[in-house]
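Q: First to last, the sequence lines map onto chains A and B. 148 is the number that this note's numbering gives to position 148 of the first sequence; each next residue is one higher, with no gaps. Convert by adding 1000 to the 1-based position in the second sequence; the result is the number in this note's numbering.
Any given hint could turn out to be false.
Stated by the list, open to error - Quick look at which bits of chain A chain B covers, simulated, 3 or more residues with Cβ under 8 Å:
#, stretch
1, 44–56
2, 68–79
3, 99–105
Calculated from the structure, these hints are not laboratory results. The C-beta atom is built at its ideal place from N, Cα and C for all residues, glycine as well.
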Amino acid sequence: MKDKNVIQVEDLSKLFGDFAAVNNISFHVKPGEIFGFLGANGAGKTTAMKMLIGISSPTSGKATVAGFDVYKEAESIKKNIGYMSQKFALYDDLTVKENITFFGGIYGLSKKQIEQKRCELVEELGLQEVTNSLVASLPLGWKQKLAFSVSLLHEPKIVFLDEPTGGVDPITRRQFWEMIYKAAHNGTTIFVTTHYMDEAEYCDRVSIMVNGKIEALDTPKKLKEHYKTDTMNDVFLKLARG
Amino acid sequence: MKRFVGFVRKEFYHIFRDKRSLFILFGMPIAQILLFGFAITNEINNVDIAILDQSNDVTSKEIINKIAASKHFSIVDIIQKESSIESIFKKGKVKAVLQFENNFGNNLIKEKQANVQVLTDATDPNMANTISNYISSILKKYQQELNKNINIDYQIIPQSRMIYNAELKSVYMFVPGVMTVILMLVSAMMTSISITREKEQGTMEILLVSPLKPFQVIIGKVFPYIFLSVINAVVIVLLSIFVFNVPVNGSLFLLGIESVLFIITSLALGILISTLSATQQTAMMISLMGLMLPTILLSGFIFPISSMPLPLQVISNIIPAKWFIIIVKGIMLKGIGIGYIFKETAILVLMTLLFIGISVKKYKIRLE
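So that you can see chain B by itself, here it is in the shape it has in the complex (with noise of 0.2 Å):
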């Protein structure tokens, strides 16, 4: 025990002088969640929209008026006809058209409804819906200060219809992504590159002359990196709930349990790129390529597994990320608890044990 704390205490003294490692441990994070947060919930300013007006009235002039008072949008086009809509669009003159049904100002007020269309270029699925939900904030407050002066309950009814990409199937989950690729990061990357420096320093070879069992190296030098990417995890999930309001609908503890699960199937990873590759160079190259790029484009962090062609979707299946995510969204987004995601779980702890069996077997072989 003596023994190992010495040696734990030898691998901080490797992390916190390291200033490259210290960097990824923690700028990293930070940098990614902040940079994937506002990228995606960041508000517009100054969008391009146009109007089409059908009904050309005493309240429709007033919405538009307030939505170009806005500094969110600019109305940069007056459309007469619906036909111009699609060529507009197609032009990319504008994110959005705001469309106001005929007799609009007369409908709110005989039948206390009034229907106006949002329709948004959904090419891009987050702007889209940014701007749909801008717009509809912007009829509600009118509608309230009209029913404010007056005592009669006026509905305008936005109706939002995104184009080119209904179903906005990829809406970015970026909390539980980016969870998932900077603990892979972490924990494969640093530690299949800490022991791979090992190697080639030829301190390697020290420790295994030495009375230290060679499984006692290995979790000595991996044990630090399962506390930090445990820190990891907590600031990254701090920052979604405090910066991104991202809720945690799930147990905080199911949520921990399963992080330091995939944690260690990560550790296990970086072992296994270790006992493959003899520099340090070698080892990033394995995990950058190797894992890094599935994690991000395969494992449905930013590209939907359901819209991949059917051999991507196979090979999503041999990524632990993809599960991962899968276990993330469920507890986060969902509040599911342990019996929904329990074959992903059980997945990822065979995983683990596979890794594990493979590095002690090449160990083993590399001793000979």
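Chain A extracted, bound-state conformation (with noise of 0.2 Å):
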């Protein structure tokens, strides 16, 4: 793996009016990394999450994404990444086949690509059966997986994951973090939100936001030992509790 960090943040603001979201942060995500963002809600995650993907501009400060700067290669960086968000954001009135076609084509990829890809994922999902299914008819597990899948249609080098399992049973949880896994073993970076303190154990490196600052940022082992706590629950307590 090179050094050279698929995210690079630093000093980054986002101010409304006098009220500071996101207040220099810093913080760099390397390649392959699981990155989990933590916060309370209305810690800023969101706002520094919305910066990272080009539908924001920060107010200063300075950060790339896939190499590309954040202020003037917005366009650069959709092209190389990946996005869920929390809300579960497939079309629900397109079949799962007619999703991954629609998806596949805004991302540029050709029919061959979009036919070679939505085989192989449906194969590792198992969704023979309902690929002319409606998605509206399928469980909400599988709506996320799929979701996932097609947030890495176009083979993005980061995907960025809003509380992707907001709502899901631990069982599919779990086989979800398997997948996460399995891409980040295939070179995606993946930056992760959660409120869930037993995915933040599973990261590779962990940062907590409260208030608009990161207040810690290491290895979830490591945090762990510094704060003196069992679980990563307890260091998210203590922290966001101040």
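Two chains, two frames, a set of hints: combine them into the complex.
A: Right, here's the structure in full:
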């Protein structure tokens, strides 16, 4: 692995009037890393993430994603990242096949590539029976796994997951994380926000945001040692409560 | 381009799989045009009328019998003097009074022409108009029969008088009105709903994070509705020509171009609404209350603008539908060319640019 970071953030801030939603944060993410981005609701996670994926421009600071500048090269960033949001985000009234074709299409994949990807994906997720069913008819867990696979269709360097496992049962969550590991193993960098502290344990490194600032950033193991607790949950509570 | 085609295909899937929007798109226009059409051109049946026969001769009796025999009218009262006409109208007992002049039959034979007055209650202007047309046609028919038998030209001259609303200003020009309302409904409401739906589902975020540029997303969403609205406009015009015999006196081509312009104006409004609302319900409420009501009430579709109080007349100027109705009436009914509707066209173009300008600005603010 090269040590060129896929995400490099320095003193990044976002102000809404006088309120600093994101206050001088700095961090980096290495290629192939699973980077957990934690924080309570309103801590500034989503705002920070929006700046990185190019749909919100920072007030000050520097940031590059996949080697591109967030100010000037947002369009290039968009081609190189995948995104899956906390709201389930495939089209319910389209079939599995149509969803794959549509999302492949907007990332500029050729018909052949889409066809090939679709076969791989359907086989991997075991969706053969339902390729022509509306997504609305699938169980939530399947939808979310499908949405994750769809966000990887165009083989992005980094995939941003915004609370991807909200509302899913533990078994599906486990399977979902297996998929994440597999993607990371294939060299995709994973940037994930979550509320589940057990999931934080699965990450290579974790940052915890409190009131717009990053209060802690390290491997889960080191964080637990540092805060002298047994679980990430306690680390989080100590930090978030101040 | 390929991305665009894929995007548009997806939009069509959304539209064709949602029964509600399909109904609004295609059921509504046809239902509305037929409803409005038949409500207005509907033939009349068993309308109560009264007769004031000041002549009381063979000819007038014959005519009265003809009218009594027709299924359109039933004679409910025979009045004796002119002064009772007003009271019978005021009571609302009859919709029309037929008044034969003195010496009706004699006049017809001696002077070859005789007068009959058709008085109608024009509080319902369409009804009044239809009644007077029907009576005229019965008189005409009688006159023809008369002239066939005898070789002299007798003329019965019906004099129609509308009372209570003499100028008949509110004669509904329903086709231009319905066309305007439907194009507005389909274009503005449907696009604003379909864009806010993406916001609600969270798919808008996904689209914005994708390499698609925001304007490509919007154009992709709006394009199918241009196409469907044009189809709607064509259906409405065909229905009005073939079912209701409304003439198209002007250029169909010009009508087409102006319709596309108005469709784009409405789409721009729809986009603007979608930038203002976060949910489908809000978008629908804004479209219905903020667009549909003014479009129906203030555009001159149902209520003539000239009889509105001044403040409303001023407000009506900012309603795009008002200008489009003037354009459509001009082209369809008066047969005028672009020279006469240049001002209205220019206003619509300016409005469209304004809506698009505000939307772009709002959109950017939202992205910040």
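Q: Each of the hints needs a verdict: does it hold here or not?
A: Verification of the supplied hints:
no.	hint	verdict
1	44–56	holds (count 4)
2	68–79	holds (count 3)
3	99–105	holds (count 4)
Every hint from the earlier list agrees with this structure, and none is contradicted.
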